[in-house]
Structure formats: structure tokens, C-alpha cells
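Chains as they are written, first to last, in the working numbering: chain A, 1 to 457; chain B, 1 to 239.
Just so you know, these hints were derived from the structure itself, not from any lab. Treat the numbers as computed from the prediction; the structure is a model and nothing was measured. All residues carry an ideal CB built from backbone N, CA and C; glycine is no exception. Do not rely on the hints blindly, as some may be mistaken.
As the list claims (entries may be wrong) - Derived list of chain A stretches under chain B, where covered just means 3 residues or more per stretch with a C-beta under 8 Å from a C-beta of chain B:
| id | region |
| --- | --- |
| 1 | 166-175 |
| 2 | 229-242 |
| 3 | 404-414 |
What the hints assert, rightly or not - Below, simulated DSS-like cross-link-like pairs (lysine-lysine); rule was C-alpha separation at most 25 Å, straight line:
| id | chain 1 | residue 1 | chain 2 | residue 2 |
| --- | --- | --- | --- | --- |
| 4 | A | Lys211 | B | Lys83 |
| 5 | A | Lys344 | B | Lys159 |
| 6 | A | Lys211 | B | Lys21 |
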Amino acid sequence: MTLRIPMLEQDPEKRIQNFGEVALGYSADKAVSEAKRCLQCSEPGCIKGCPVGVDIPDFIECIKGGNFDEAIRIVRKKNHLPAICGRVCPHENQCEKFCLLGKKGEPVAIGKLERFVADYERQKGFKISSKPKSTGKKVAVVGSGPAGITVSADLAKLGHGVTLFEALHAPGGVLVYGIPGFRLPKEIVRAEIDYIKKFGVSIKTGVVIGKTISLDELLEEFDAVFIGTGAGLPRWMDIPGEDLCGVYSANEFLTRINLMGAYLFPEYDTPIREGKKVAVVGGGNVAMDSARVALRLGADEVCILYRRTEKEMTARQEEIEHSKEEGIKFKFLTLPTKILGDEKGWVKKIECVLMELGEPDKSGRRKPIVIKNSEFTIDVDTVIIAIGQSPNPLISRTTEGLQVTEKGTLVVDGNGMTSKGGVFAGGDIVSGAATVIESMGAGKLAARAIHEYISKK
Amino acid sequence: MRIDEKGERIPLTIADFDAQKGTITIIFQEVGKTTKLLGLLNEGDCISDFMGPLGNPTKIEKYGRVVCVGGGVGVASIPLKAKALGEAGNEIISIIGARTKELLILEEELQKISDELYITTDDGSKGHHGFVTDILKKLIDERKNIDLVVTVGPVIMMKAVANVTRPHNIRTIASLNPIMVDGTGMCGSCRVRVDGRTQFTCVDGPEFDAHRVDFDHLMTRLQRYLTEEKLSLDGAGLG
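Kindly generate the complete structure, drawing on both the sequences and the hints.
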């Protein structure tokens with residue numbers, strides 16, 4: 001059995017000095033070699049593993065034959081953000097999980113191949129055949145993250161007039177403020193967004209729906225509204241000392257870096273604290289991102305504190321491996337209980353307890369239990385809390401008639417329609433924090449439902 | 001707002017607006033890089049981004065006798081509030097203060113809106129020589145029935161106002177001004193302690209019960225980037 005073709009990567013010692021992309025992609029030769037590994041199963045499992053149902057064996061077959069243009073055309077039929085998904089999807093839990101080769105050895109590197117054809121297309125320059133005929137219907141999309149982009153592109157392709165509203169000054173949502181450039185370069189997000197603009201999607205930044213314009217005002221002007229405002233509310237641990245200076249939510253830390261360019265301060269105006277001893281609390285991708293950013297800002301030591309073990313971490317395998325290569329330390333079965341500050345209100349230490357794993361909990365993972373009298377402290381000057389995000393309540397707070405769950409997510413029916421007529425929703429605002437591709441899957445469903453809804457209107 | 005592609009996002013108060021003309025008025029003091037650069041702009045120049053309004057609007061009701069206490073550039077947000085409260089049938093007493101008379105703003109506007117207006121300067125160059133709280137104390141002593149105090153200005157002043165009204169149980173609302181990044185509840189940079197609980201000023205505020213706000217904590221958090229702010233100014237040759 002052949003092993004998968006490895007992708008070139010920046011050397012760990014070098015890359016922690018810069019914010020450039022870590023994984024450098026396949027060359028055409030390598031992509032073709034990897035594509036040759038695909039068995040072209042008669043009943044491919046990989047497609048079922050893909051939340052947007054990309055015709056994976058078909059596009060891989062095209063790569064194998066050197067027909068990259070056709071390969072990207074096939075990917076784009078189902079996925080509007082291939083250069084992004086090729087980089088940030090948890091492929092090992094989706095398409096690649098069902099690859100027959102993976103049963104005995106390594107699955108086909110589907111994600112890396114997707115990235116390859118998307119990069120090939122971008123370098124060549126996008127071409128759009130022709131703009132679809134206008135239906136005269138208008139749809140407002142609120143939030144320009146993965147769900148919003150997908151809905152916008154799908155509806156614009158059908159000829160509907162789409163206006164995409166974004167509260168921040170740059171479109172892309174979590175792709176722009178959340179995921180660091182070394183994992184997803186911002187010019188790639190810009191290029192993918194330029195691509196959907198070519199279908200006629202109009203993007204309005206700096207508009208906060210619920211504040212600048214109310215949802216009801218949108219309904220007067222548009223035939224339907226899609227809410228894809230994501231899970232932007234940082235969760236806290238609710239332990240003493242969390243509001244000391246030097247304690248960041250991962251959202252703040254990453255937004256300052258990714259959206260505001262704080263790593264280039266003072267060339268860019270937004271500052272960030274360049275901690276020397278940094279603790280990051282959490283075990284997901286956001287925790288890995290925060291830790292790796294802290295390292296690149298010049299920290300001497302960055303430590304991830306996670307209350308379970310490596311096995312239960314929700315981060316992508318690749319991110320964990322990259323973090324380890326870069327020298328991030330991991331303290332598993334460790335739960336922070338208190339953050340201690342100096343007399344000026346800055347972080348000095350973090351107090352933790354050790355945990356052991358008990359019976360499985362609701363998530364199916366073994367529940368961590370505190371070991372008595374196991375307290376210890378770690379010297380730190382910066383703490384980043386990356387334990388998850390909740391849905392953004394801005395719209396539900398300012399709109400009447402939107403049914404919301406206890407967790408703050410919006411209630412939708414099987415078609416993605418909320419309790420308010422003509423208002424659809426999808427992505428993290430409905431599911432709670434999930435992945436880019438799952439939000440895109442929800443966006444696809446909603447786009448289909450919105451199309452039916454406005455076509456009948 | 002963000003002044004240019006490399007600019008910081010900073011929160012500013014809307015001092016006035018004209019829906020028909022489609023304009024809003026902001027008043028800012030030149031203290032940091034962004035505000036100094038703003039001050040260099042001429043009529044017709046553009047800034048990169050402007051978003052809002054953010055946070056919750058002031059609750060306008062009939063309270064009775066309302067005292068509005070503004071200090072420094074915080075006075076900018078007093079007229080809109082005072083006007084709306086006046087139109088709701090409240091008696092409006094305004095107290096505004098500044099370090100020195102050149103820094104006093106909106107005196108004329110407030111004269112028109114308020115039933116009474118008091119002015120204080122720290123150096124005595126205009127009005128009462130001293131602090132806004134001196135006048136507030138006097139008013140409380142003279143007239144028993146003050147139903148609401150609204151305060152906007154430097155943290156130290158709002159803290160002093162809260163300390164004056166607390167023993168008299170006068171309802172006091174402070175409008176807070178911490179460091180913000182996105183302004184939509186996403187980052188928590190603007191978190192403040194109110195009644196021992198963490199609140200986000202950008203979406204839960206900006207107005208809170210002044211008797212429950214931990215002003216010392218707010219002051220500490222406002223100083224997080226003092227070094228960088230100076231570096232930023234000096235780097236731009238504006239220091």
C-alpha cells in the first residue's frame with residue numbers, strides 16, 4: 001500500500017518567526033501522483049462524508065488525467081470556497097474518514113487535492129461564464145462568514161439579487177477575524193469573496209443588522225432574509241481573575257491579530273500584548289491558533305491547558321501536530337481555577353488543579369473529574385481563554401418574533417426557516433459553534449429553501 | 001470608526017444626528033493617534049469605516065428632576081440625552097466641567113436645553129473653581145428631590161459622582177468608555193464589572209447603574225495599552 005504524498009511545509013523553526021502559511025501545497029506532479037492513489041470506488045463513501053456533497057472521485061479522476069480546469073469546475077459545483085475548505089476542513093473526520101484506503105493505511109489526501117485545484121484556479125485567474133438572468137427577487141444575507149457566503153453565491157447563481165451585510169469592516173466573518181494567516185492567508189479569503197462578487201452579490205460592510213438597520217426593516221425591502229451571524233460570543237470560565245489585564249478571550253486576541261494586523265504594530269495602529277509566558281485554555285482549533293500566534297509574537301513559552309487528554313481534543317489532527325512541532329507545550333488533565341494578578345492588575349500566575357477521566361458524559365467523551373489537593377500554579381504574563389463561543393445575540397435581542405433556544409441558538413424548521421416568516425437562518429447561529437464546512441452545508445440547504453420560498457411568492 | 005486601512009477601531013459618541021440630511025455629528029478630543037489624525041482632516045475628506053449606532057439607547061421616561069453631569073469630552077453625549085429627557089417632561093439641570101475654559105464644549109446648546117446650567121473648571125478660568133461634584137453636592141443639599149443623575153466623562157469623575165449620590169440613594173446612570181475592538185459583543189475587550197458580574201459595555205451598555213460599577217477596575221483596564229499608545233503617537237510624529 002502506498003503512503004500519501006506529503007505536502008511541503010515551512011520548517012517549524014523558521015515559520016514561528018513569521019505569519020506566512022505553514023503548508024505550502026502540492027506541485028502539479030505531486031497532485032497527480034496523489035490522485036493516482038484514489039481507487040475510484042463504485043460506491044464512494046467520501047462524498048457522503050462531505051457536508052456539501054462534492055463529487056470527490058470525479059474531481060480526483062480529472063486531476064489524475066491532468067485536467068485541472070475540469071477538476072475545479074466539478075468542485076465548484078458544490079463548494080464555493082474550495083481554497084478555504086482545502087485548508088481548514090477537518091478532512092480526517094469527514095471525506096477522508098470514509099476513504100477505503102484509510103481502512104488499512106492512509107486515506108487519499110482529498111483536502112490537499114481540493115486545495116491544489118483551487119490554488120491552480122486562483123493563480124490562473126477566475127473566469128465566470130455569464131451572469132444569470134435576473135429574477136427580480138431580492139434577498140438580504142446577514143453575516144459574511146461561511147454560511148452567508150454560501151447562501152449568497154447559491155442564490156446569486158440562480159439570478160436573485162443578493163445583498164450581503166457585514167458588521168465589521170471586512171467581509172469573511174470568522175475566516176477573516178478568527179483563523180490566522182499562517183493557516184488561511186487573508187488574500188485567499190479576499191479572492192474567494194471577489195469570486196462571489198462576480199455573480200453580482202453586493203457586499204455592504206459596517207452595517208450592524210439589529211442596530212444600523214432592523215431585521216423588520218430588511219423584510220420590508222427584501223423578499224427573504226438569511227441570518228448567518230455565527231457564534232461570535234466568547235465563553236468565559238467564570239473563575240476569579242478573568243478580567244485582569246493580560247487576560248484575553250481568544251476572540252479578542254485573534255481579532256486584534258487577524259482583522260486588525262496587531263502583529264505589525266506600530267505600522268498598524270492596533271496594539272497587542274506580546275506575552276513572554278503564555279497560557280492558553282482550551283483544546284480546539286481556536287486554542288491551537290491562539291497558542292501559535294502567541295509564539296509568533298515572540299513568547300518564550302506557550303502552554304496549552306486542557307482539562308481532558310489529547311484523545312478528546314477537538315482540534316484538527318494537523319493543527320495539534322503543527323503546534324507540537326513548533327514547540328507549544330501541552331498540559332493535559334489540567335483545569336485552571338483562578339488567575340492571580342499583581343498589585344497593578346496584571347496577570348502573574350494561573351492556579352490549576354489536576355483532573356482524572358471518569359465515565360463518558362453527554363458528548364460521549366470521558367468526563368474530567370477534579371483530583372483533590374492537586375492545586376499548583378504556573379507563572380504567566382498572558383492568559384488566553386479559548387473554551388468556545390456562543391451564538392451572537394445581537395439580532396435575537398433586537399427582533400420580535402424570533403424563537404431562540406436556551407443556548408441562544410435560533411430555532412429553524414427542516415428548511416432552515418425561523419419562527420418569523422421569510423427569515424431563514426443557518427450556520428453556527430443555529431447549530432452552535434461548528435466547522436466552516438458544516439456552516440456551508442447549512443447555507444446550501446437554506447439557499448434551496450429560500451429559492452423555493454421566493455419563487456412561490 | 002476606523003480612520004484608514006491600518007487604523008484602529010475606536011468607539012465614539014454620537015453627539016447629534018440629522019436623519020433627513022443623513023448626517024451624524026461626532027465630537028472628539030485629540031488624545032491618541034486616531035483622534036489626532038482625525039483632527040488633521042478637512043471638509044470633504046473621507047475616513048475608511050464608520051459603523052453603528054452600537055449599544056443600547058438611553059431609557060427616556062419621566063423621572064422628575066434630572067441632573068446631567070458631564071466632564072471633558074464626555075459632555076458631547078449630554079445634549080441628546082438632556083433634550084430627549086426634557087421633552088419627556090423632566091426638569092433638566094446640567095453641570096458641565098473641564099480642566100480649563102478652552103476645553104469646555106456645548107455650553108450654548110446646553111443653555112437652550114437645560115432649565116439650569118452650571119459650569120465648573122479645575123483651574124477656575126470659568127464658572128465654579130473646582131469640580132462638577134461640588135455643584136452636585138450643593139444641589140443635593142439645597143433640593144431634596146433629585147430623581148435621576150446621568151453622568152458621562154472621565155472615569156474618575158463618574159466615580160466621584162456615584163460616591164456623591166450613593167448615600168442619598170439617588171438613581172445614577174453612568175455611560176462607560178472602555179477600550180473596544182469590534183463593538184458587537186465579540187471580543188470582550190470592553191468588559192466591565194457591574195455588581196460583581198462581567199458585562200460587555202458594547203452590547204450590555206454603555207449605560208450602567210453607577211452605584212454598581214467597579215470604576216477602579218475600569219480605570220486599570222483603560223491603562224492596558226498606555227505604552228503602546230505613546231509609541232503609536234511618537235511613531236507617527238504626533239506625540
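Evaluation of the provided hints:
1. 166-175: Holds, because 3 residues of the region 166-175 of chain A bring their Cβ atoms closer than 8 Å to Cβ atoms of chain B.
2. 229-242: Per the Cβ count (5), the hint holds.
3. 404-414: Since 0 is below three, the answer is violated.
4. A:Lys211 x B:Lys83: With Cα atoms ~22 Å apart, Lys211 (chain A) and Lys83 (chain B) stay inside 25 Å; holds.
5. A:Lys344 x B:Lys159: Given pair Lys344 (chain A), Lys159 (chain B) holds - Cα atoms ~19 Å apart, limit 25 Å.
6. A:Lys211 x B:Lys21: holds (19 Å)
Figure legend: structure checked against the earlier numbered hints; the only hint not met is number 3.
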